[in-house]
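Using the sequences provided together with the hints, build the complete structure.
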Amino acid sequence: MTVVVAIGTRKGLWLARSEDRVSWQVDGPHHPMQEVYAVAFDTRAGVRLLAGVASPHFGPGVSISDDLGASWEESATPPIAFPVEDAALERVWQLQPAPASQPGVVWAGTQPSALFKSSDGGRSFEFVEGLWNHPHRPEWDAGFGGQAVHTIVPDPADPDRMLVAMSTGGVYRTADGGKSWEARNKGIKAYFFPDPWPEFGQCVHKVAQHPALPSRFYAQNHHGVYRSDDGGDTWQSIASGLPTDFGFAMVVHPHDPDTIFTFPIEADGRRFPPEGKCRVYRSQDAGETWQSLGTGLPDDFWTAVMRDAMCTDTAEVPGVYFGSRSGEVYASPDEGETWHQVAAHLPDVMSVRAAVIPA
Amino acid sequence: MKVKVLIPGVLRSAAAGAAHLDVEVPPPATLGAALDVLAETYPGLDRRLRDERAGLRRYVNFYVNGEECRRLSGPDTPLPAGAEIQILPSVAGG
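Order-wise, the sequence lines are chains A and B. Under my numbering, the very last position in the first sequence is 361; numbers go up by exactly one each time. Under my numbering, the very last position in the second sequence is 109; numbers go up by exactly one each time.
The reader is advised that the hints may include incorrect statements.
[To be verified] Calculated from the model, a selection of chain A residues having no Cβ within reach of chain B, i.e. all distances over 12 Å:
1. K13
2. R46
3. P58
4. G61
5. P80
6. D88
7. P101
8. E131
9. R139
10. D178
11. T236
12. E277
13. R281
14. T291
[Claimed, not checked] Chain A residues, not near chain B, derived (Cβ > 12 Å throughout):
15. F84
16. N135
17. P196
18. P213
19. H225
20. D302
[Unchecked claim] Here are a few chain A residues that face chain B, going by a calculated C-beta distance under 7 Å:
21. F60
22. A78
23. H212
Source of the hints: derived by calculation from the structure; they are not laboratory data. These figures come from a predicted structure and were not determined experimentally. By construction, the Cβ of each residue, glycine as well, lies at the ideal position given by its N, Cα and C atoms.
Here's what the structure looks like:
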């Protein structure tokens, strides 16, 4: 079995390859000096690698490779462009292939906060007007990282249904293919407002879903870890048992809807792991109880793991992966029990995705 | 009216390898009009110079006969006959 891990950083993309998920060969940088906030493997037909790239000089775009990084293709015309006068694309924060029942469809979440749909595998994208025209939009604010749609969760069965999350703004849901959207943040706290329970405006950092249980979502919030069992209508805290409720990442096990992984960070005002110890937390009962996983991970780890810098692969015993602001990447070949370093001394890691490559 | 556009090395692959391009600009000749003409032949160059609103990218500088265009009139900077437009990435990044 070959696994490839794509590591998007602030200064390019690296690719790590392994047969045993213990020892790794790393090559890069691809797209040197370009930010790679979003990376995705599209494994619905062959293996396509998509990267949301942005040059500080020459602007953002989407780059595609169908040969695992040996060559890259970027269209001459901008693949993602705002057809409105009051916005221009700053960054692509998320690239999300749709379920296999919708071949060619790839969704993109952007800064400023907007959603785009590709029907040609990511070469060109159409603007989703319904979200852009939402009456809440003037009140969506920029956090430190910029104001963006960073999470896209298409329904596994119904192409009209989808959930997105943005910072700030929170969770929005459509049931009509993106024409209309409703805020879905009931129970998610926004402690930074005078009214901490607003309809929208939350700083949801990441939302994850298992395709076998589409009514359930997990969310890592800007303080707060939540689960929804009713499709996002209401959210309940699952932070009890974690050392802290701050963090960015939220990842679901590929074969078990009850198992999730997070990387707790001490607090908004202290963005380090608790006690400086690099630890992944796993729950195997949908957030009721949590275990600290640290075998092979370092102490004195004064850095953080960003919202898209953690993922799993889809192997029978799945691997878990994460990268840090300090340019270190770790892999677990056994669902988080033990960890091995994939790479170190890279630029800030912003996005990590892994794929099992067919023999 | 003909003007000359100097392409920085890092962008020449988007301009078929050219170090400079002669551009015929219809009146009224402005920097923006010259870039519009360039965009027709080299859209992959244009997207690196301007965003989708035809706004000049913040960290790309355009010198018209040696004067940075933002000190003039930006994309509306008029071009004299035979003008030389030099495109240079500015200092950015860390």
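Now for the hints, and whether the structure bears them out:
A Cβ of chain B approaches the Cβ of K13 (chain A) within 12 Å, the least distance being about 8 Å, so the stated non-interface status is violated. No Cβ of chain B approaches the Cβ of R46 (chain A) within 12 Å, the least distance being about 28 Å, so the stated non-interface status holds. Taking the minimum C-beta to C-beta distance to chain B, about 5 Å, the non-interface status of P58 (chain A) is violated against the 12 Å cut. Look at G61 (chain A): its CB is around 6 Å from the nearest CB on chain B, not clear of 12 Å, so calling it non-interface is violated.
Distance check for P80 (chain A) against chain B: the nearest CB is about 5 Å away, which does not clear 12 Å, and the non-interface claim fails. Once the 12 Å rule is applied to beta carbons, D88 (chain A) is inconsistent with being away from chain B; the minimum gap is 9 Å. Non-interface status of P101 (chain A) relative to chain B is upheld: no Cβ of that chain comes within 12 Å, the nearest being about 30 Å off. The beta carbon of E131 (chain A) is kept farther than 12 Å from every beta carbon of chain B, the shortest such distance being approximately 15 Å.
Non-interface call for R139 (chain A) relative to chain B: holds, since the shortest CB-CB distance, roughly 18 Å, exceeds 12 Å. The Cβ of D178 (chain A) sits about 27 Å from the closest Cβ of chain B, beyond the 12 Å cut-off, so the non-interface label holds. Interface exclusion of T236 (chain A) from chain B stands, the closest Cβ pair being 39 Å apart, more than 12 Å. The beta carbon of E277 (chain A) sits about 30 Å from the closest Cβ of chain B, which is more than 12 Å, so the claim that it is off the interface holds.
Residue placement check: R281 (chain A) keeps its beta carbon more than 12 Å from all beta carbons of chain B (closest about 30 Å). Distance check for T291 (chain A) against chain B: the nearest CB is about 42 Å away, which clears 12 Å, and the non-interface claim stands. Separation of F84 (chain A) from chain B is inadequate, the least Cβ-Cβ distance of about 6 Å not exceeding the 12 Å criterion. Annotated as non-interface, N135 (chain A) keeps its C-beta farther than 12 Å from every C-beta of chain B; the closest such distance is 18 Å.
No Cβ of chain B approaches the Cβ of P196 (chain A) within 12 Å, the least distance being about 35 Å, so the stated non-interface status holds. The non-interface label for P213 (chain A) is consistent with chain B: the shortest C-beta to C-beta separation is roughly 34 Å, beyond 12 Å. With a least beta-carbon separation of about 29 Å from chain B, H225 (chain A) lies farther than 12 Å from that chain, consistent with its non-interface assignment. For D302 (chain A), the requirement that its beta carbon stay farther than 12 Å from each beta carbon of chain B is met, with the minimum near 25 Å.
With a cut of 7 Å, the hint placing F60 (chain A) at the interface with chain B holds, because the nearest CB-to-CB distance is about 4 Å. A least Cβ separation of about 4 Å between A78 (chain A) and chain B falls short of the 7 Å threshold, and the interface hint therefore holds. Below 7 Å, beta-carbon pairs count as interface contacts, and H212 (chain A) has none with chain B, the closest being about 37 Å; its hint is therefore violated.
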